[in-house]
Amino acid sequence: MSGGAIISMKNRFNFGYFITEGFRSIFAHGLMSFAAVCMIVACLLIMGSFSLVAINAERMLSQAEDDNEFLAFIDETYTDAQIRQLQQQVAAVDNVASVNFVTREEAKENYLGDYEDEGLYANIPDEVFRDRLSIHVVDLEQFGQTVAAVEALPGVAGIRAMGELAQGFVTVRNVASAIALALVAILAAVSLFIISNTIRLATFARREEIAIMKMCGATNSFVRWPFAFEGLMLGLAGAVIAFFLQWGIYAAIYRAVVANGAIGMFPLLSFGAIWAPVLGVFLLAGALIGACGSGFAIRRFLQV
Numbered sequence: 560m561s562g563g564a565i566i567s568m569k570n571r572f573n574f575g576y577f578i579t580e581g582f583r584s585i586f587a588h589g590l591m592s593f594a595a596v597c598m599i600v601a602c603l604l605i606m607g608s609f610s611l612v613a614i615n616a617e618r619m620l621s622q623a624e625d626d627n628e629f630l631a632f633i634d635e636t637y638t639d640a641q642i643r644q645l646q647q648q649v650a651a652v653d654n655v656a657s658v659n660f661v662t663r664e665e666a667k668e669n670y671l672g673d674y675e676d677e678g679l680y681a682n683i684p685d686e687v688f689r690d691r692l693s694i695h696v697v698d699l700e701q702f703g704q705t706v707a708a709v710e711a712l713p714g715v716a717g718i719r720a721m722g723e724l725a726q727g728f729v730t731v732r733n734v735a736s737a738i739a740l741a742l743v744a745i746l747a748a749v750s751l752f753i754i755s756n757t758i759r760l761a762t763f764a765r766r767e768e769i770a771i772m773k774m775c776g777a778t779n780s781f782v783r784w785p786f787a788f789e790g791l792m793l794g795l796a797g798a799v800i801a802f803f804l805q806w807g808i809y810a811a812i813y814r815a816v817v818a819n820g821a822i823g824m825f826p827l828l829s830f831g832a833i834w835a836p837v838l839g840v841f842l843l844a845g846a847l848i849g850a851c852g853s854g855f856a857i858r859r860f861l862q863v
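Counting from 560, one number per residue, gives the positions in the sequence shown under the working numbering.
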């Protein structure tokens with residue numbers, strides 16, 4: 560430890576000294592620093608991959624929810640004016656996002672579109688189909704209440720709604736979100752533990768240096784700050800490396816999905832649409848894991 564460092568101990572906070580010492584420690588203990596960065600990269604890649612899977616799953620489920628609809632069949636005796644009035648009443652129901660009027664001719668055409676190779680269905684008379692309202696909801700969790708409210712309106716002759724399917728989407732979404740949050744929380748805790756122990760090994764080799772600083776009058780905070788900055792810089796370095804690796808892995812998967820023509824079935828977000836929040840989360844997580852890991856690792860060595 561240099562004489563300048565001992566003199567600097569008189570200062571409560573010397574930013575330049577802490578940064579310099581942090582950089583010096585990184586290169587002086589290159590192997591341990593490399594190990595710490597590798598662990599941060601691995602942990603962030605695992606957490607990032609799970610998070611991106613969760614984000615895309617939530618998006619696909621949301622799109623499936625948006626495509627979900629129920630039909631309200633209109634009383635055949637209703638005139639055009641009454642149908643327009645009924646459409647306005649349905650649109651005013653809570654949780655209704657949109658209402659589209661579908662004539663019986665359009666309904667028949669849509670039905671035949673699903674059986675274009677079946678000539679048997681071509682002779683179905685228009686009278687078999689009713690005029691109807693196609694209704695989308697805002698919140699799928701209130702699907703049942705919305706269906707009941709629409710069914711109670713005068714002029715609604717019947718309802719066709721797949722309530723079980725709607726409830727299934729809600730259940731899958733909630734379970735997927737809970738699992739993703741739990742996995743990310745567990746991985747964050749494991750990452751912090753691993754990084755803390757990795758940095759603790761590096762700190763163990765410098766326990767004599769810490770003891771000398773303490774005997775020269777350095778406070779705990781003065782001793783801790785260089786290690787905190789060292790962990791912070793290691794965390795940020797690991798975050799940047801992990802971000803570019805995540806980008807490459809995700810882009811390769813995205814290209815494979817597009818090349819196989821499965822983008823319609825699996826509508827993944829392009830990385831260009833989410834790179835900024837991903838980078839921000841990686842930098843924040845890397846900084847917190849590195850700094851907190853260093854803080855936890857050095858506590859036992861301050862008891863001199």
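Worth flagging that the hints you see were computed from the coordinates, not collected in a lab. Errors might be hidden in some of the hints.
Think about it this way: if two alpha-carbon atoms lie no more than 25 Å apart in a straight line, the pair counts; the simulated SDA-like pairs of lysine to any residue are [what the hints assert, rightly or not]: (1) Lys-667 - Gln-704; (2) Lys-667 - Asn-654; (3) Lys-667 - Gln-641; (4) Lys-667 - Gln-701; (5) Lys-773 - Phe-577; (6) Lys-667 - Gly-589.
Label-pair ranges, simulated between beta-carbon atoms [stated by the list, open to error]: (7) Glu-767 - Gly-831: 36 to 44 Å; (8) Ala-708 - Leu-843: 55 to 63 Å; (9) Ala-735 - Asp-634: 34 to 42 Å; (10) Ala-748 - Glu-617: 16 to 24 Å.
All residues carry an ideal CB built from backbone N, CA and C; glycine is no exception.
Hints, one by one, checked against the model:
1. Lys-667 - Gln-704: Distance ~29 Å between Lys-667 and Gln-704 Cα, so the pair is violated.
2. Lys-667 - Asn-654: 28 Å, violated
3. Lys-667 - Gln-641: Holds: Lys-667 and Gln-641 sit about 22 Å apart, inside 25 Å.
4. Lys-667 - Gln-701: 30 Å, violated
5. Lys-773 - Phe-577: Between Lys-773 and Phe-577 the Cα gap is close to 16 Å, so the pair holds against 25 Å.
6. Lys-667 - Gly-589: 73 Å, violated
7. Glu-767 - Gly-831: 36 to 44 Å: 50 Å, violated
8. Ala-708 - Leu-843: 55 to 63 Å: Once the Cβ atoms are compared, 44 Å apart, the range 55 to 63 Å for Leu-843 and Ala-708 is violated.
9. Ala-735 - Asp-634: 34 to 42 Å: 41 Å, holds
10. Ala-748 - Glu-617: 16 to 24 Å: 23 Å, holds
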